[in-house]
Each structure stands twice: as C-alpha cells, then as structure tokens.
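Turn these sequences into a full structure, and let the hints guide you.
Numbering (this note's numbering), first residue to last: 1 to 376.
Any given hint could turn out to be false.
Said to hold, decoys possible - Straight-line Cα separation of at most 20 Å, DMTMM-like style, residue types lysine to aspartate or glutamate; simulated pairs:
| id | residue 1 | residue 2 |
| --- | --- | --- |
| 1 | Lys42 | Asp112 |
| 2 | Lys264 | Asp291 |
| 3 | Lys193 | Glu122 |
| 4 | Lys120 | Glu93 |
| 5 | Lys120 | Glu194 |
| 6 | Lys42 | Glu81 |
| 7 | Lys120 | Glu107 |
| 8 | Lys42 | Glu122 |
| 9 | Lys42 | Glu371 |
| 10 | Lys42 | Asp79 |
| 11 | Lys193 | Glu206 |
| 12 | Lys264 | Glu243 |
| 13 | Lys264 | Glu224 |
| 14 | Lys264 | Asp322 |
| 15 | Lys264 | Glu312 |
| 16 | Lys120 | Glu201 |
| 17 | Lys264 | Glu201 |
In case anyone wonders, no lab produced these hints; they're calculated from the structure.
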Amino acid sequence: MSQNRAQPLAGYTVFEIGQNVAAPFAAQILGDLGAHVIKVEKPTGDDARHWGPPDWEGASAMFQTLNRNKVSQVCNFRDPEQVAALRAQMVREADVVIQNFRPGVLEGLGLDAESLQALKPELIYCDMGAFGRGGPLSDLPGYDPLMQAYGGLMSVTGEPGQAPVRTGYSVVDCGTGMWAVIGVLSALLQRAKEPRGARVEVSLFETALSWMQVASAMHLSSGEVPGRFGSGAATIVPYRAYETSDGYLVIAAGNDGLFARLSKALGHPEWAQDPRFIGNPQRVQNREAIDALIQAEIARHDRATWIERLREASIPCAPVQDTDEAFHCEQAQALGVLQDVPGSEMRFMGLPLRLDGERPAIRCAPPALGESQSGE
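Set out below in structure tokens:
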C-alpha cells in the first residue's frame with residue numbers, strides 16, 4: 001500500500017460499471033482516496049458525457065466533475081467475447097465492483113455479484129439500485145427527481161402553498177454514492193480481518209427516505225404530515241433567510257439565549273420576554289408574528305451591516321451566496337477547496353476532507369472515452 005496518507009486506498013482496483021451520477025460519484029471518491037478506478041463504458045459512453053451545455057474540454061461539465069482520477073475502458077455489452085474478457089479481467093484485477101445498471105441486465109451477462117463472487121469470493125460488489133432489491137417497484141428505473149418525489153423530499157422543500165420544488169442538485173444521487181462508499185470501506189475493513197468478500201446494496205429510494213429522518217420522526221411521533229417552510233425549519237424559530245436591503249441573510253437563533261441576543265441586537269430586547277416568544281415551542285407556534293417583526297428590522301440595513309452586528313453579538317448568520325460568491329469567498333480560498341487538474345485548464349471542487357492536514361489530490365483529468373492511460 002502507498003505510504004501517502006492522503007491516498008489510503010492506493011493499491012486497490014475498482015471497476016465502475018455505471019453512468020450518470022450515483023455510481024460515478026462513488027467511484028470518484030474511491031479514486032480520490034487513491035484507488036485505481038477503471039470506468040467501464042458502453043461504446044457511446046456514459047450518457048452524462050452529453051448532459052450539456054456547458055461542455056468543458058470535450059465533455060459536459062457535469063460529466064467532468066464526476067469522473068476525475070479514473071481511466072476509461074469500452075465494452076460492447078452485446079458482444080459475448082468482450083463481456084467474457086471483461087469478466088476475466090475483473091476476476092484477475094478487481095477488489096471492488098460498483099454498478100448501477102437496471103436489475104437483471106448484468107445477471108444476463110454473468111457480471112452480477114453472484115457470478116463474479118463464485119469466481120472470486122473475496123470480491124466486494126456494490127449494487128446501486130433505484131428502489132432497492134425486493135418489493136413491487138424493484139425493477140423500475142430511477143432518477144434523482146423521481147426519488148425526491150417518491151421519497152417525500154419534494155413535500156418538504158419549497159415555500160408553503162407553492163408547487164413542489166426539487167433541491168438544486170442531485171442530493172439523492174450523491175447521497176447514494178456516499179452510502180456506497182461507506183459500505184465499500186466497511187467491507188474492505190471486514191475483509192482485512194476475514195478473507196471474504198461482501199455484497200453492498202444501496203438504493204436511491206432508501207437514500208431519499210434517509211434524508212427524511214427528522215420529518216419521519218415528526219410524523220411518527222405526532223401523526224401530522226410535515227409541510228414546507230421555505231428557507232426555515234419546522235421545529236426551530238427563528239431559523240431562516242430574511243431579506244436585507246441588498247440581499248438575503250440566514251439567521252439561526254437555535255436556542256433561547258441566542259434569541260435573546262438577537263432581540264437585543266435588533267433593538268428589541270423585550271421580545272425575549274414576550275409570552276409568545278419566550279421559548280422555542282412558543283416561537284414555533286407564533287412563527288409568522290416573530291418572523292414579521294424580525295423581517296421589518298432586517299430590511300432597514302444591508303447584509304454587510306447585519307453580518308458585522310450579528311457576528312459581534314455571536315449570533316450565527318450567513319449571507320445567501322451564489323455559486324461565484326461561495327467558491328471565491330475568503331473562507332473557501334483559505335481552505336483551498338478548488339484544485340487544479342494536471343494537464344488541463346479545468347478546476348474542480350476537491351474531496352471535502354483532509355487526512356493529517358492534506359486534502360487528497362486530483363491526480364489526473366477525467367478520461368476521454370476509452371482512454372486507458374491515467375497519466376499518473
């Protein structure tokens with residue numbers, strides 16, 4: 001294994017038979033951590049290669065940001081000889097296989113968990129499904145917005161009384177990729193203790209339901225169905241975005257002490273003693289009243305003024321930043337979250353973790369279709 005502590009998976013080989021977001025994201029995390037990732041693509045390539053504009057150096061920007069630190073290998077899954085060669089290569093080289101094809105497809109090709117583990121018992125095989133194995137919907141395809149709808153996320157996202165809203169990006173796909181990585185790493189740890197493989201199963205639907213953890217607890221404990229609260233929260237007030245004279249500012253006064261400090265900073269210390277607002281349960285019940293009072297004061301000044309005042313009073317707050325502001329703010333710059341790609345003009349958000357102070361590096365650019373040279 002590599003002595004580079006920022007690449008703890010160096011020496012492991014991962015095959016990704018997947019496309020779009022979930023499987024590529026999972027495999028990219030493993031690649032960022034040092035694994036050698038072989039992305040197996042159909043002759044026309046991962047569909048996400050064409051999910052643009054914008055395009056960026058030969059493929060869609062969406063594809064590029066999900067497929068660094070990999071090599072690309074083409075397999076015509078309709079050609080038995082190519083499939084047999086891929087199967088033999090996996091048995092020979094793979095530590096981990098990650099796949100997100102529709103149920104039944106890989107079984108018919110002998111590339112499923114049961115077939116491969118019969119030939120290589122120590123293989124770790126990760127199935128990434130839409131609805132999960134078993135149940136009446138298990139054979140249906142799935143995409144992120146379908147799961148945000150079916151799993152309930154859209155019912156609690158957006159403004160009260162308005163149409164359902166999908167979260168801005170693919171939180172279900174990416175969340176499923178992260179669960180896949182957690183499962184794979186757990187299986188690798190177990191394999192180090194006992195020389196056998198494992199079958200890891202994750203699904204978009206189960207991930208969507210997991211993001212509803214608080215909403216489900218609220219429902220199961222009260223019998224009530226949670227609704228939408230815009231930028232706010234169902235159980236904490238004040239805890240939302242308010243409009244200043246030049247933009248929005250989120251204020252998170254999550255306990256009574258913070259609310260008292262906020263009231264004082266806004267020039268109304270008496271709010272903290274008002275029976276309607278004296279505790280969080282009362283503020284939740286009277287959210288419209290207290291939100292209106294706070295909004296009236298916040299509108300009097302710009303964001304910068306309020307940020308200075310509230311931070312001086314140790315009240316948690318943050319401006320609602322757009323993408324340009326977020327990635328170029330002083331904190332993002334200090335953390336070095338954007339990383340240059342070797343041999344490319346592209347820059348990507350790096351892995352959001354550090355090992356012994358070092359963020360895992362981007363070692364090579366996303367591969368062109370069939371490009372087997374990693375450049376490492």
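Going down the list of hints, with the structure as the test:
no. : hint            : result
1   : Lys42 - Asp112  : holds (17 Å)
2   : Lys264 - Asp291 : holds (15 Å)
3   : Lys193 - Glu122 : holds (12 Å)
4   : Lys120 - Glu93  : holds (10 Å)
5   : Lys120 - Glu194 : holds (15 Å)
6   : Lys42 - Glu81   : holds (14 Å)
7   : Lys120 - Glu107 : holds (16 Å)
8   : Lys42 - Glu122  : violated (27 Å)
9   : Lys42 - Glu371  : holds (13 Å)
10  : Lys42 - Asp79   : holds (11 Å)
11  : Lys193 - Glu206 : violated (29 Å)
12  : Lys264 - Glu243 : holds (19 Å)
13  : Lys264 - Glu224 : violated (35 Å)
14  : Lys264 - Asp322 : violated (30 Å)
15  : Lys264 - Glu312 : holds (12 Å)
16  : Lys120 - Glu201 : holds (18 Å)
17  : Lys264 - Glu201 : violated (51 Å)
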